[in-house]
Amino acid sequence: MNIFLPILPEISIFISAIFLLLLGLFIKNIKLIINLAVVTLILAIVFVIYQPIGTAFNNSLVNDEFSKVIKILILLGSLASIIMYHSSRKDLNIDLYEFPILILLATIGMLVMASANDLIAIFIGLELQSLTLYVLASLNRNHLASSEAGLKYFLLGALSSGLLLFGLSYIYGFTGNTNLNLISTTVAPGNIGLIIGIVFVTSGLAFKVSAVPFHMWTPDVYEGAPTPVTAFFAMAPKVAAIAVAVRFLIVGFSDVAFEWQQIIIFLSIASMVFAAFAAIAQTNIKRLMAYSSIGHVGYALIGLACGTEQGISSIVIYLSIYLVMNIGVFSFILSMKYKGEHYENISDLSGLYKNHPYYSVIITVFMFSLAGIPPLAGFFGKFYIFIAAIESNLMLLAIIGILASVVGAFYYLRIIKVIYFDEEKHSFDGFNHKSLHLLIHPSAFLIILFCLYPLPLINIANYAANAFY
Amino acid sequence: MYHAIVFLPLLGFFIAGLLSFVKNNPASDKVAQILTATLVSVAALYSIYAFTINIVDAKVVHIKLFDWIAVGSLVVSWAIYVDPVTRIMLVVITSVSALVHIYSIGYMSHDSSKPRFMAYLSLFTFTMLALVTADNFLQLFFGWEGVGLASYLLIGFWYKKPTANAASIKAFVVNRIGDFGLALGIFAIFYLFGSLDYQVVFSKAEALAAGTSNISDTINFFGYQFGSINLICFLLFIGAMGKSAQIFLHTWLPDAMEGPTPVSALIHAATMVTAGVFLVVRCSPMYDLAPDVLSFITLIGASTAIFAASVGLVQNDIKRVIAYSTCSQLGYMFFAVGVGAYGAAMFHLFTHAFFKALLFLGAGSVIHAVNDEQDIRKMGGLSTYIPLTHILMIIGTISLMGFPFTAGYYSKDAIIESAYLASSGFSSYAFIVGLLGVVMTSFYSWRLMFLTFNGKSRIDEDNLSKVHESPAIMLVPLIVLAIGALFSGYLFKNYFIGSSSELFWGHSIALHHADHHDIPFLIYYAPMLLGFIGFFLAWYMYLKNKQLPHDLAKLNGPLYNFLLNKWYFDEIYNFIFVKPARATGLFLWKQIDGYIIDGFGPDGISKLVLNLSLRAKKIQSGYIYHYAFAILIGVSIFITYFIYKGI
Numbered sequence: 000m001n002i003f004l005p006i007l008p009e010i011s012i013f014i015s016a017i018f019l020l021l022l023g024l025f026i027k028n029i030k031l032i033i034n035l036a037v038v039t040l041i042l043a044i045v046f047v048i049y050q051p052i053g054t055a056f057n058n059s060l061v062n063d064e065f066s067k068v069i070k071i072l073i074l075l076g077s078l079a080s081i082i083m084y085h086s087s088r089k090d091l092n093i094d095l096y097e098f099p100i101l102i103l104l105a106t107i108g109m110l111v112m113a114s115a116n117d118l119i120a121i122f123i124g125l126e127l128q129s130l131t132l133y134v135l136a137s138l139n140r141n142h143l144a145s146s147e148a149g150l151k152y153f154l155l156g157a158l159s160s161g162l163l164l165f166g167l168s169y170i171y172g173f174t175g176n177t178n179l180n181l182i183s184t185t186v187a188p189g190n191i192g193l194i195i196g197i198v199f200v201t202s203g204l205a206f207k208v209s210a211v212p213f214h215m216w217t218p219d220v221y222e223g224a225p226t227p228v229t230a231f232f233a234m235a236p237k238v239a240a241i242a243v244a245v246r247f248l249i250v251g252f253s254d255v256a257f258e259w260q261q262i263i264i265f266l267s268i269a270s271m272v273f274a275a276f277a278a279i280a281q282t283n284i285k286r287l288m289a290y291s292s293i294g295h296v297g298y299a300l301i302g303l304a305c306g307t308e309q310g311i312s313s314i315v316i317y318l319s320i321y322l323v324m325n326i327g328v329f330s331f332i333l334s335m336k337y338k339g340e341h342y343e344n345i346s347d348l349s350g351l352y353k354n355h356p357y358y359s360v361i362i363t364v365f366m367f368s369l370a371g372i373p374p375l376a377g378f379f380g381k382f383y384i385f386i387a388a389i390e391s392n393l394m395l396l397a398i399i400g401i402l403a404s405v406v407g408a409f410y411y412l413r414i415i416k417v418i419y420f421d422e423e424k425h426s427f428d429g430f431n432h433k434s435l436h437l438l439i440h441p442s443a444f445l446i447i448l449f450c451l452y453p454l455p456l457i458n459i460a461n462y463a464a465n466a467f468y
Numbered sequence: 000m001y002h003a004i005v006f007l008p009l010l011g012f013f014i015a016g017l018l019s020f021v022k023n024n025p026a027s028d029k030v031a032q033i034l035t036a037t038l039v040s041v042a043a044l045y046s047i048y049a050f051t052i053n054i055v056d057a058k059v060v061h062i063k064l065f066d067w068i069a070v071g072s073l074v075v076s077w078a079i080y081v082d083p084v085t086r087i088m089l090v091v092i093t094s095v096s097a098l099v100h101i102y103s104i105g106y107m108s109h110d111s112s113k114p115r116f117m118a119y120l121s122l123f124t125f126t127m128l129a130l131v132t133a134d135n136f137l138q139l140f141f142g143w144e145g146v147g148l149a150s151y152l153l154i155g156f157w158y159k160k161p162t163a164n165a166a167s168i169k170a171f172v173v174n175r176i177g178d179f180g181l182a183l184g185i186f187a188i189f190y191l192f193g194s195l196d197y198q199v200v201f202s203k204a205e206a207l208a209a210g211t212s213n214i215s216d217t218i219n220f221f222g223y224q225f226g227s228i229n230l231i232c233f234l235l236f237i238g239a240m241g242k243s244a245q246i247f248l249h250t251w252l253p254d255a256m257e258g259p260t261p262v263s264a265l266i267h268a269a270t271m272v273t274a275g276v277f278l279v280v281r282c283s284p285m286y287d288l289a290p291d292v293l294s295f296i297t298l299i300g301a302s303t304a305i306f307a308a309s310v311g312l313v314q315n316d317i318k319r320v321i322a323y324s325t326c327s328q329l330g331y332m333f334f335a336v337g338v339g340a341y342g343a344a345m346f347h348l349f350t351h352a353f354f355k356a357l358l359f360l361g362a363g364s365v366i367h368a369v370n371d372e373q374d375i376r377k378m379g380g381l382s383t384y385i386p387l388t389h390i391l392m393i394i395g396t397i398s399l400m401g402f403p404f405t406a407g408y409y410s411k412d413a414i415i416e417s418a419y420l421a422s423s424g425f426s427s428y429a430f431i432v433g434l435l436g437v438v439m440t441s442f443y444s445w446r447l448m449f450l451t452f453n454g455k456s457r458i459d460e461d462n463l464s465k466v467h468e469s470p471a472i473m474l475v476p477l478i479v480l481a482i483g484a485l486f487s488g489y490l491f492k493n494y495f496i497g498s499s500s501e502l503f504w505g506h507s508i509a510l511h512h513a514d515h516h517d518i519p520f521l522i523y524y525a526p527m528l529l530g531f532i533g534f535f536l537a538w539y540m541y542l543k544n545k546q547l548p549h550d551l552a553k554l555n556g557p558l559y560n561f562l563l564n565k566w567y568f569d570e571i572y573n574f575i576f577v578k579p580a581r582a583t584g585l586f587l588w589k590q591i592d593g594y595i596i597d598g599f600g601p602d603g604i605s606k607l608v609l610n611l612s613l614r615a616k617k618i619q620s621g622y623i624y625h626y627a628f629a630i631l632i633g634v635s636i637f638i639t640y641f642i643y644k645g646i
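Those protein sequences? They're chains S and E, same order as listed.
Positions 0 to 468 (numbering that gives the first Met the number 0) are the ones given, in order, by the first sequence.
Positions 0 to 646 (numbering that gives the first Met the number 0) are the ones given, in order, by the second sequence.
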């Protein structure tokens, strides 16, 4: 029993997923399946909280402070996605019982990623997650864009998995180990083969977190996939992939930190700058959120580039706030419907303030927070990242980050401008699905009030970062 | 009691201010007028009571209301500090203000926004009271700026009149120059003494002058070393010059006459413009340590006195003549201060408030009677139509010219005698100028009176028939002021400058005792005699030989134009300051801001960003092989980089 304790959440979700899959074949009550999936995830969160720190399967999976915090973030993201799905499954023509099950399966993959301390475990977790994501992207089979998104994601994902696997084999070849702890004992600077391995693995991971120039799939997939799926993509897999990158680079290769730092810095700058400029020309709000997520990943990577405890802690803070903001924004996007039809264009929001002043204020809060304007939570996320960068003498990175956030502020503020100052277009009848209230109000509440009591999150982040140092 | 004096006008301001949002409602107008007038009148009664107490017992009352600012070593409290100087100011401010409030009920009866007017008047009264009851320089500065604001609002009260708007802006801008000096002075005080409290600052200044202090006795200002106290006093005086319209910073005062006449009486004659004198008298312990600055004050004061009087000789606007007269009388007060006669300066401030407010309100009554005509060339012969106003204005005029036993006689004599007895810098200049000024004062005052009230009327028949005496609500304040103009000098001369002065002032000002018995007979009576000479000249020129002024003006064309155009101050300032400033502004706006900063800054960058963003969008072609290509290129770049760089 003891050897299964460290993977109790994964096992419980797995059993539940299989059970629900069978249940779905016989019962057409999708609501029941959704409810059971929600219960499973909540149970998993409880398990994660009470799980002891330890390792499993010969140290190929570890349960440390970092993985616990990351797992909770992943589970919360999955939970929010299922709730969003529930609120819109009928309108979006994706009323399929597979959705919650696929989310559960992807969640298992991501939980494995969060704990993976072995090259093989990393790959297994990543592939389990990726395969379900491909299916999720094309969930709306009758919709051309959705199928196209799934196909694109699958092809490019296969390419990136290939790169990743190639890199992993290089690393195994040059170190003779698959366990990250063992690898770290044999890593020495000056080994070009090892560096090439790291480059391939990092590129593969960069594809998963959609960092520039491996981001190209993101806007198309985000736009094409059903909105709850897009929301899911923007939240949990990002967190999981960044967690993998952190553990892989910090635990395995801290001795050649100087080398991989340069890759991360490049990815970070390219993501922040490119996302800021490219987002300006977008008209579709989901596409806009794709670029927004690319930019945010760029900021999170600054923390990784620092490679310090403070850097890791700032990543955790950043990802937590990012998750909450995305829950809020996607709940809002799901509410943009009129007579059962969903709207996705920014121009559809024009004059929203006249009909829905309250929701306009809420989306304003989210947009300001995404843009990083104090005193909202988004500002503090960036703030801790930049502090970590400055402490690690990465001044240039901090300055470029700030400048990019200035440009980036434009497209967030444009949405606010459209809402408040443009001619009224049409009213929405949405904004009233009760399950969305569960998401949109608490997230707005957290975003606004974070500045009053930031200490709990900071403590959690420090607790998580403690795992590596 | 002192709380009530200071805060009743504020209450009036709030209520009248709220009522001003009610449009075109006679009832709320009435409420606002009567309420504000009542509140200020109560404050005035309290002030008079406080003043009479002072005669018996000149004790200092210091009430700390609350700490206003407490940052590090800067602790500034909001206080009511009442000493004899404050009491004089209180009685002047509240009594004139109360009379003006009452007078305004009649004067503004045809105006459409009465509550707003009353609110502004009350606001002014409150800020002026805050100024004089300060126990530190910062509260003084608050009041100083507050009265500036109220003055701005009231000059521009008829905001639909372009000239009124221009005048209010001019007053504000010119005052800013002075205020800048004052602010610098306050900074210097805090820099040197580490406190803004009067008592602390004065005692430290004395210690500094006595050499028992470790504070630096020089201060670096624009790269020059100045004596600390000299510099502070000089900067504070710059502030006083602005507020009290001394020469070079006087240009706003005549233009301020664009405001309603009660405003001119209250702000631009009796109270606000005397704030500069108050400031210097308040700081007299410090000014006594800066004799060079006192000489400078004497020079400026005396020059203002003669300059303004000379301009007053030829002006044709009834209010402008009185405005220049005010300017000139302020000059007298300043050179009294300059020669160390603080008591005499305060005395003149006190009496001047009565007779000058009387003259202004009387002029207002005349203007009211002749249907808003202000040009005295278009008046004349009004004495039979408005006899009461005529008599009251005569009282004001004789007090101003220094007719024996009127208020002005005592105070002006005291100033001129002080100048004669003093041996400080420029005191003889001040004495001669003071005497010359007396002739001019008398001449322009009587010229105004004769042209307005005597001779043949130059008003056309239609309007003449409409000329009427003002209502009682306007005349009663005039009568009260006339009583003050006649008797305030005789009644209080002992306290201000005479035998009881030491008891009266306590330690509130620096007192200097000069032996008045040394004054020669001729000097003693000179001001009075010169006043009569001015009167006869005016009588001869404007009633007896009416052709003479025209001939004189023709004969001395350049001089006449020089005076008529106010020594060309406005034109010179326009040329030196206004035009270059406008040109610079235009240049900065069009060229620097519009072309360079906007072009390369916001506009240019936003164009660039949009361009870049369209390119970034184009990269996103939607073709999967483009995407795969980007991934592979990315990997290749990394590997190439590491291989070339070597490890």
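Treat the hints as calculated values from the structure; they're not laboratory data.
If you're wondering where the values come from, they're calculated on a predicted model, not measured in any experiment.
We put the CB at the ideal spot given by N, CA and C, even for glycine.
Certain hints may be false.
Derived lysine-lysine pairs resembling PhoX-like cross-links, with alpha carbons at most 25 Å apart [unchecked claim]: (1) S:Lys416 / E:Lys616; (2) E:Lys377 / E:Lys545; (3) E:Lys606 / E:Lys545; (4) E:Lys606 / E:Lys616; (5) E:Lys606 / S:Lys416; (6) E:Lys455 / E:Lys616.
Covered by chain E, according to a simulated footprint, are these stretches of chain S (three or more residues, beta-carbon under 8 Å) [claimed, not checked]: (7) 43 to 50; (8) 189 to 195; (9) 199 to 208; (10) 279 to 292; (11) 356 to 362.
Each hint tested on the structure:
Among the hinted pairs, S:Lys416 with E:Lys616 is consistent with the structure: their alpha-carbon atoms are about 22 Å apart, no more than 25 Å. A C-alpha spacing of about 15 Å is found between E:Lys377 and E:Lys545, which places the hinted pair at or below 25 Å, so the restraint holds. At most 25 Å may separate the alpha-carbon atoms for a hinted pair to count; E:Lys606 and E:Lys545 exceed this at roughly 75 Å. With a C-alpha separation of about 15 Å, the suggested pair E:Lys606 and E:Lys616 falls inside the 25 Å cut-off, and the hint holds.
Annotation: proposed proximity of E:Lys606 to S:Lys416 holds, straight-line Cα distance about 19 Å (limit 25 Å). Pair hint E:Lys455 plus E:Lys616 does not hold up; C-alpha atoms about 88 Å apart against a cutoff of 25 Å. Judged by the Cβ-Cβ criterion of 8 Å, the segment 43 to 50 of chain S is not covered by chain E as claimed, because only 0 of its residues qualify and three are needed. Here the segment 189 to 195 of chain S counts 5 residues with a CB under 8 Å from a CB of chain E, which clears the bar of 3, and the coverage holds.
Counting residues of the segment 199 to 208 of chain S whose CB lies closer than 8 Å to any CB of chain E gives 5, so the stated coverage by that chain holds, three being the minimum. For a cut-off of 8 Å, the count of residues in the segment 279 to 292 of chain S with a CB near a CB of chain E stands at 3, and the three-residue condition holds. Under the rule that three or more residues need a Cβ within less than 8 Å of chain E, the assignment of the segment 356 to 362 of chain S is violated, with 0 such residues.
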